[in-house]
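With the hints as constraints, model all of the structure from the sequences given.
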Amino acid sequence: MKRIELLVVDDSPADRASIKIAFAQSGYPINVQFAASGMLALDHLRSSGKARPQVMLVDVKMPGLSGLDLLRTLKNDPALQQIPVFMFSGSDDKRDVSTAYSNFANAYIRKPDDVEGLNDVAGVVGRLCTTVLSLPEH
Amino acid sequence: MPIQNAQHSAELSNSRTNELEIELLRTREALQSTIEEIETANEELQATNEELMSSNEELQSTNEELSSLNEELHSVNAEHFRQNNELMRLTRDFDALLHATEIGVLFFDESLNIRRFTRLIVELFQFTDTDIGRPLRTFRSPFVEFDLEGFLRNVMRDGLTEEAEVQDQSSRTWLLRAAGYPDQKGVVLSVISIARLRVGSFATLHARERILANAAPYAGDAMMVVAPDSGLVEFANRSAWNRFGVPEAPQEEFRFSNLTPELGDSSWTSWLSTIGVGASATRLDIQVMDNNANVFPVDLLATLVRDEDRTHAVIRIIENRDRARAVSELQERARTFAISNRELEQFATVVAHDLRAPLRHLNQFAQFLLKELGGSASATVQEYLQIIQSSATNMSGMIERLLEYARIGAGAAKFSQVSLQDCVDQAAETLRAEMTAANAVLESGKLPSIKGDRILLARLFQNLFANSIKYCSKDVVPKIVVAAKNDGKYVTISVTDNGIGIDPAHRHEVFKMFSRLHSDAEYSGHGMGLAISKRVCEIHGGTIEIDESKSGGARFIIRLPGVTAKIAKKVLA
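The listed protein sequences correspond, in order, to chains A and B. Just add 737 to the spot in the first sequence (first one is 1) and you have my numbering. Just add 318 to the spot in the second sequence (first one is 1) and you have my numbering.
To be clear, the hints were calculated from the coordinates, so they are not data collected in a lab. The C-beta atom is built at its ideal place from N, Cα and C for all residues, glycine as well.
Here are the simulated distance ranges between beta carbons:
(1) B:E747 <-> A:E853: 25 to 33 Å
(2) B:G692 <-> A:P873: 38 to 46 Å
(3) B:E747 <-> A:S871: 34 to 42 Å
(4) B:E747 <-> A:V869: 27 to 35 Å
(5) B:K807 <-> A:A754: 58 to 66 Å
(6) B:A695 <-> A:A754: 14 to 22 Å
(7) A:E853 <-> B:E866: 39 to 47 Å
(8) A:E853 <-> B:H836: 23 to 31 Å
(9) B:E747 <-> A:Q770: 39 to 47 Å
Calculated lysine-lysine pairs in the BS3-like style (CA-CA distance at most 30 Å, straight line):
(10) B:K764 <-> B:K797
(11) A:K812 <-> A:K831
(12) B:K868 <-> B:K807
(13) A:K757 <-> B:K689
(14) B:K769 <-> A:K831
(15) B:K764 <-> B:K807
(16) B:K797 <-> B:K830
(17) B:K803 <-> B:K764
(18) A:K798 <-> A:K812
(19) B:K769 <-> B:K797
(20) B:K764 <-> B:K732
(21) B:K732 <-> B:K807
(22) B:K732 <-> A:K798
(23) B:K803 <-> B:K769
(24) B:K732 <-> A:K831
(25) B:K769 <-> B:K807
(26) B:K830 <-> A:K831
(27) B:K788 <-> A:K831
This is how it looks when you write it as structure tokens:
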């Protein structure tokens with residue numbers, strides 16, 4: 738299995754922490770990077786020094802540049818639009834879901850309330866990214 | 319003989335001379351006396367002349383006096399003429415006043431002969447113009463049990479003013495007021511109708527209008543008092559004049575039907591006759607014509623009142639402007655209500671979202687902690703962490719339901735023709751796992767279609783069915799019966815089960831948010847199912863309530879508008 742670079746964009750330190758734990762425990766070879774806001778994510782992506790993520794997990798509700806704003810920006814940027822974006826939201830508000838897919842989100846995942854659910858998500862995403870899906874090269 | 323002759327001739331001449339001289343003397347004397355006479359006469363003439371002259375002067379001055387007298391007479395004449403005119407005008411004014419006041423006035427001389435009377439007296443006493451000069455006692459008094467002549471004589475003798483209230487043969491009440499002339503050479507009698515006064519004379523009109531205005535919630539409405547048996551307007555308020563040209567105190571016949579081009583007298587008299595004294599009735603959307611000949615619909619409110627004489631209908635014209643204003647106010651209120659409702663829903667959504675994240679963290683990190691501690695944690699620590707976790711789980715469940723509740727009203731409802739059978743089937747499908755597990759039986763009769771939101775209505779049945787399955791004794795097979803009745807206006811749906819039922823004392827509470835009648839140990843849940851169901855019914859302009867079930871279980875009665883859901887749509891708009 739190749740090592741996969743995953744960029745998680747979430748403004749909540751607690752969510753970042755739990756996601757980190759979940760992926761660490763999933764056992765899949767995934768390097769998880771974090772950005773605490775949409776703007777920081779763009780900075781990260783456009784700076785040359787960082788490893789280019791192959792897939793992104795983006796929180797929907799964020800102050801400033803929201804997850805959906807970030808999604809639109811990414812999908813409109815020829816240099817970034819091929820990165821698969823999994824939206825990761827605390828709600829499954831119908832409007833958010835449809836807006837996300839309309840803007841070419843690659844998946845929309847509901848944030849689970851409990852640890853089992855979170856572990857599930859980490860397992861599924863880990864398996865998808867490392868063994869199921871073909872992802873763009875760095 | 320010449321000498322003789324000469325002598326003789328001389329002698330003769332002398333004697334002739336003497337004769338002539340004597341004659342001359344005589345003549346002179348005669349002339350003298352004549353002259354004297356003439357002089358005397360002349361003197362006399364002169365005196366006469368003087369007399370004449372003075373006489374002439376006198377005449378002249380007399381003439382002057384006469385002409386000045388003439389001038390005076392002229393000016394006196396002009397003054398008389400003017401005074402006469404003034405007097406005539408005064409008389410006319412006086413007559414007009416007497417007629418206008420609707421007060422009968424009778425003037426008598428000292429022998430109680432009729433000198434003058436006004437129009438009202440003609441009606442009352444049946445006088446004609448030729449009756450002027452006749453004595454009062456030759457006429458029959460129209461007043462019963464009243465000595466009119468004695469009354470007038472007393473007044474004349476004492477020179478005072480007296481009043482008396484009397485009745486005529488038709489039982490109408492009159493106020494008599496008699497005043498003697500100061501020189502005791504006559505008496506004047508005024509006759510005033512008290513009944514008329516009570517209904518609408520000038521004197522009481524304003525007081526009555528004030529009462530009406532105070533009595534009317536909208537003082538600006540046109541109001542008029544109408545005789546219910548004839549449809550004649552007796553008097554009206556200022557608004558009736560301003561808007562509809564109804565005289566405040568009609569002198570001529572003014573009919574209420576003048577205002578209503580589509581409806582004649584008879585339709586008003588027959589309507590007014592159906593209203594009891596002290597009662598009110600309304601007529602809606604009546605076409606009336608205003609001052610400017612505009613015809614438009616109004617509402618009428620008639621109240622029947624009674625005074626001593628007879629009944630009067632007080633008719634108030636409520637212009638649709640009022641109603642339109644009320645409607646627009648209502649719409650405005652509905653609009654602001656909808657806005658505040660949306661804001662509230664937005665608030666609930668935001669709160670629910672933002673609350674969920676920390677709860678998730680609480681839950682997850684309690685688990686992480688539990689795992690981290692592993693076997694080293696004491697039983698108490700493990701128990702506490704589990705309590706934190708389950709509380710957090712419970713709270714996110716509640717927030718989930720709250721969010722659902724808020725979303726129902728968030729304008730997402732889509733109304734279309736929906737088969738209730740489809741909704742019931744959808745609910746059963748959603749609950750298939752639970753129903754299978756409990757061996758639950760669902761029976762439904764023929765269900766109609768209504769205008770509604772399919773998803774919300776399915777949710778309504780799903781909640782009710784879930785309740786029926788949940789609140790069922792362990793050893794009983796749940797049975798749910800759905801039936802519907804359609805009376806055109808409303809569809810009444812009953813959902814009956816054979817469960818543990820709902821204590822009548824708590825029937826109002828179950829529809830409240832987070833209202834629970836049982837502990838988690840008995841039946842788990844958040845207490846939002848019925849609150850959401852109620853909300854769905856309300857969104858459809860309907861109701862839900864709990865009824866007695868013969869089987870002892872719960873029986874929900876849902877009433878939803880049958881044909882259209884206009885109200886619900888409006889609220890949501």
